[in-house]
Amino acid sequence: MQLSCPSPILQHETVQMAHGAGGRLSQELTARVFMPHLNNPVLDQLDDQARFDAEPGRIAFTTDTYVVTPVFFPGGNIGDLAVNGTVNDLCVGGAMPRYLSAGFVLEEGLPLADLERIVESMAEAARKAGVVIACGDTKVVQKGQCDRIFINTSGVGFIPPGRDVSCRNLLPGDAVLLSGTIGDHGMAILTTREGLSFQSRIQSDSAALNGMIADVLQAAPNLHAMRDPTRGGVAATLNELAVSSSVGIELDEGALPVREEVRGAAELLGIDPLSVANEGKVLLVVPAAEADAALAVLRAHEHGSKAAIIGEVVDEHPGMVVIRTSLGSRRILDMPLGEQLPRIC
Amino acid sequence: MCLAIPGKVVAVTDENGLKMGTVDINGALTKACLEYVPDIQLGQYTIVHAGFALKIIDEEEAAESLKLWDELLGK
Amino acid sequence: MKYIDEYRDPARAHALIDRIRQVARHDWTIMEICGGQTHSILRNGIDQLLPSNIRLVHGPGCPVCVTPLETIDRALCIAAMPETILVSFGDMLRVPGSGKDLFMARSEGADVRIVFSPLEALQIARDNPEKEVVFLAVGFETTAPANAMAVHQAAREGLGNFSELVSQVMVPPAMRAILSSPDNRVQGFLAAGHVCAIMGWKEYEQVAEEFGVPIVPAGFEPVDLLDAILKTVELLEAGKSGVLNAYGRVVSREGNPQARKVMNQVFEVTDRPWRGIGVIPASGLVLREQYACFDAEKRFDVGHISPHESPLCRSGEVLQGYLKPSDCPAFGKECTPQTPLGATMVSSEGACAAYYRYHRNPEKQCN
Numbered sequence: 019m020q021l022s023c024p025s026p027i028l029q030h031e032t033v034q035m036a037h038g039a040g041g042r043l044s045q046e047l048t049a050r051v052f053m054p055h056l057n058n059p060v061l062d063q064l065d066d067q068a069r070f071d072a073e074p075g076r077i078a079f080t081t082d083t084y085v086v087t088p089v090f091f092p093g094g095n096i097g098d099l100a101v102n103g104t105v106n107d108l109c110v111g112g113a114m115p116r117y118l119s120a121g122f123v124l125e126e127g128l129p130l131a132d133l134e135r136i137v138e139s140m141a142e143a144a145r146k147a148g149v150v151i152a153c154g155d156t157k158v159v160q161k162g163q164c165d166r167i168f169i170n171t172s173g174v175g176f177i178p179p180g181r182d183v184s185c186r187n188l189l190p191g192d193a194v195l196l197s198g199t200i201g202d203h204g205m206a207i208l209t210t211r212e213g214l215s216f217q218s219r220i221q222s223d224s225a226a227l228n229g230m231i232a233d234v235l236q237a238a239p240n241l242h243a244m245r246d247p248t249r250g251g252v253a254a255t256l257n258e259l260a261v262s263s264s265v266g267i268e269l270d271e272g273a274l275p276v277r278e279e280v281r282g283a284a285e286l287l288g289i290d291p292l293s294v295a296n297e298g299k300v301l302l303v304v305p306a307a308e309a310d311a312a313l314a315v316l317r318a319h320e321h322g323s324k325a326a327i328i329g330e331v332v333d334e335h336p337g338m339v340v341i342r343t344s345l346g347s348r349r350i351l352d353m354p355l356g357e358q359l360p361r362i363c
Numbered sequence: 020m021c022l023a024i025p026g027k028v029v030a031v032t033d034e035n036g037l038k039m040g041t042v043d044i045n046g047a048l049t050k051a052c053l054e055y056v057p058d059i060q061l062g063q064y065t066i067v068h069a070g071f072a073l074k075i076i077d078e079e080e081a082a083e084s085l086k087l088w089d090e091l092l093g094k
Numbered sequence: 005m006k007y008i009d010e011y012r013d014p015a016r017a018h019a020l021i022d023r024i025r026q027v028a029r030h031d032w033t034i035m036e037i038c039g040g041q042t043h044s045i046l047r048n049g050i051d052q053l054l055p056s057n058i059r060l061v062h063g064p065g066c067p068v069c070v071t072p073l074e075t076i077d078r079a080l081c082i083a084a085m086p087e088t089i090l091v092s093f094g095d096m097l098r099v100p101g102s103g104k105d106l107f108m109a110r111s112e113g114a115d116v117r118i119v120f121s122p123l124e125a126l127q128i129a130r131d132n133p134e135k136e137v138v139f140l141a142v143g144f145e146t147t148a149p150a151n152a153m154a155v156h157q158a159a160r161e162g163l164g165n166f167s168e169l170v171s172q173v174m175v176p177p178a179m180r181a182i183l184s185s186p187d188n189r190v191q192g193f194l195a196a197g198h199v200c201a202i203m204g205w206k207e208y209e210q211v212a213e214e215f216g217v218p219i220v221p222a223g224f225e226p227v228d229l230l231d232a233i234l235k236t237v238e239l240l241e242a243g244k245s246g247v248l249n250a251y252g253r254v255v256s257r258e259g260n261p262q263a264r265k266v267m268n269q270v271f272e273v274t275d276r277p278w279r280g281i282g283v284i285p286a287s288g289l290v291l292r293e294q295y296a297c298f299d300a301e302k303r304f305d306v307g308h309i310s311p312h313e314s315p316l317c318r319s320g321e322v323l324q325g326y327l328k329p330s331d332c333p334a335f336g337k338e339c340t341p342q343t344p345l346g347a348t349m350v351s352s353e354g355a356c357a358a359y360y361r362y363h364r365n366p367e368k369q370c371n
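Chains as they are written, first to last, in the numbering used here: chain S, 19 to 363; chain X, 20 to 94; chain A, 5 to 371.
A couple of the hints might just be wrong.
[To be verified] For lysine to any residue, the following SDA-like pairs were computed, each having C-alpha atoms within a straight-line distance of at most 25 Å:
#1 K302/A <-> R110/A
#2 K265/A <-> Q63/X
#3 K6/A <-> Q63/X
#4 K6/A <-> D290/S
#5 K157/S <-> L61/S
[Claimed, not checked] Chain X residues, not near chain A, derived (Cβ > 10 Å throughout):
#6 I24
#7 V29
#8 A30
#9 V31
#10 T32
#11 T41
#12 Q60
#13 L61
#14 E80
[As the list claims (entries may be wrong)] Now the in silico label distances, taken between C-beta atoms and shown as ranges:
#15 G46/X <-> R145/S: 30 to 36 Å
#16 Q269/A <-> V29/X: 29 to 35 Å
#17 G93/X <-> T343/A: 40 to 46 Å
#18 E213/A <-> K324/S: 49 to 55 Å
#19 G252/A <-> G46/X: 23 to 29 Å
#20 Q294/A <-> G46/X: 39 to 45 Å
#21 R186/S <-> P186/A: 53 to 59 Å
Simulated from the structure, these hints should not be mistaken for laboratory data.
The beta carbon of each residue, even a glycine, is placed where N, CA and C say it ideally should be.
Extracted from the complex, chain S is given alone in its bound form (with noise of 0.2 Å):
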């Protein structure tokens, strides 16, 4: 974008204080880094809140915080994976995503360069899933007070009339479909922070499943339940699933998709990919007459082709997960205590 005069915002290379104290280099911030990415009818008009129709059926509201390290991965940044991550925990609800919050806290001395990069990819991952941005904050701290970048997105969907999807629908029966590969994300991040030895290859997943998703209850509109499996991966969240319904959930080891570099760092470094944060893949409970219908949808997506059906809900076993190994046997999957570190023994 070429500039006509200079302002003193170019004279900085970095955030600083003042950006953030709402005066004149508040104003030219916005104006210079946030708005030419960001711009649309909502937020142009720069009130204090944003003003939208509702639409019919139900409201969808949800928030989430980001404070990814690395702030730059492979395969996106905090400012897209916060996009893609508030458009998810819409569309897994049944709602239709529609209009985005985004609260920045910088860290003074935040490179401008990084945080217009990070802003671009915002306005790029709001365009792709077809969402707008509504409404926006920023506020500065001082260095050492945050790491970097803190992202805040919270969002607003609507939920058509009659469509019921929810994490206590559970029935035994339904067939447990996962929509791809497991661990992409976790394992990116893992692999790039220093210190890991790697070089990695492995891509963070991170994508807005909304358009999926719509298509998928199309196919199958008596889908019981949806998920994304971010923090804690796979198992934490058919644990959660398995509890809320008050039903069992059994999988079928041999039928995870893992792709070879996840797998084989996630080896290395004696992690569970069941147990690492996905960004770009959803869980879907269906029942089981159609199943069929809903994995063909998903494997015919981008973000679905390496969709399987893992397996099926059952009545044993309440609130549990077991997972069917290749050979045989029978083992609990617990909901993972924590953060995943890497170990040798």
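With the hints as your guide, set chains X and A onto chain S.
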């Protein structure tokens, strides 16, 4: 003590006076110290533990075991 | 995945299981002393698939579990010092010391970093010349060469701010201690394959002869483990003792001489306390005198440490194979992975943690 994963040596360098290599583990590339496998050649397999290659995998022995087990299967 | 998938093949595994069923006419108790093998057996449900007359017992094969409480307390003290960076393998972060663990220490402001290799700890030392970098060097003989190389290299480079807090242990003395115990019921051993990759199997020949037991160096994948179990059972049924290698692609009788050379240059054998078991003579490694300046135990004065172990914890009995984790009164109640009483519940290789994760309600599992 235990976690040592097989991979293929795809590059050899020197770092801080130590023989180092890049090991391809199913497509994930990791750096490993090759000081304990000084005779290893590019394309050979090794097991990597805590950033060190510990042994060259004996491909003949491996093939022999598989053959024996497959005979067992055939019985 | 080459050299992994072939050894997870269900058809081969079942052929071996069938063979074990045919061969095993008596009851046998077989122990493995390797956390990785414990983990693999439970994760793959191998214990479920074996005939009921073969009893698999898990020994003190987790170096994290047997690291003395005092060493962890020492690491915690060092981590709390202002100009230090405590560097460790991920396995150690959640192991409880007398009051807290390294994870908690980190949340209280200690600089604690996780690495995958001791060479990364060396790099941290190079990058932070004004700080003292202490590496918690834990492991069996598999890891000793790596930990030795770090000190060897630090000496070569004159890295004056690097030191190791050493907790190295060895398998054969533990085997002897178990076999010498009057309550011992173990009749055969699977030897840790990657330990043997370094050490070879000469030491085990002596143990096998002295105690009249079969010892079979084994790998980690289901087919490797089942093959090793089959060989052990065949030897037991034939009344034979001695060493028979079941991990030929990695283990040779002489092991890795280059690795042992550096190990012996840097470390020497010492008596060592094993958490939950007690002192086992000549079972540990310590830095030699000429590397004393790299020995964190000598370098840091941590004052008096009085370790306090939970009286409910029976990990020692678990580690020696006398008590099944699920038979411990505290299992699943006072002692869970979130609230561990002892190291065997925390370490992912610990028998208690593995049981909790994979077999929490064994009565609910049906074959």
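Unmet hints by their number, sorted upward, for this structure: 6, 14, 17
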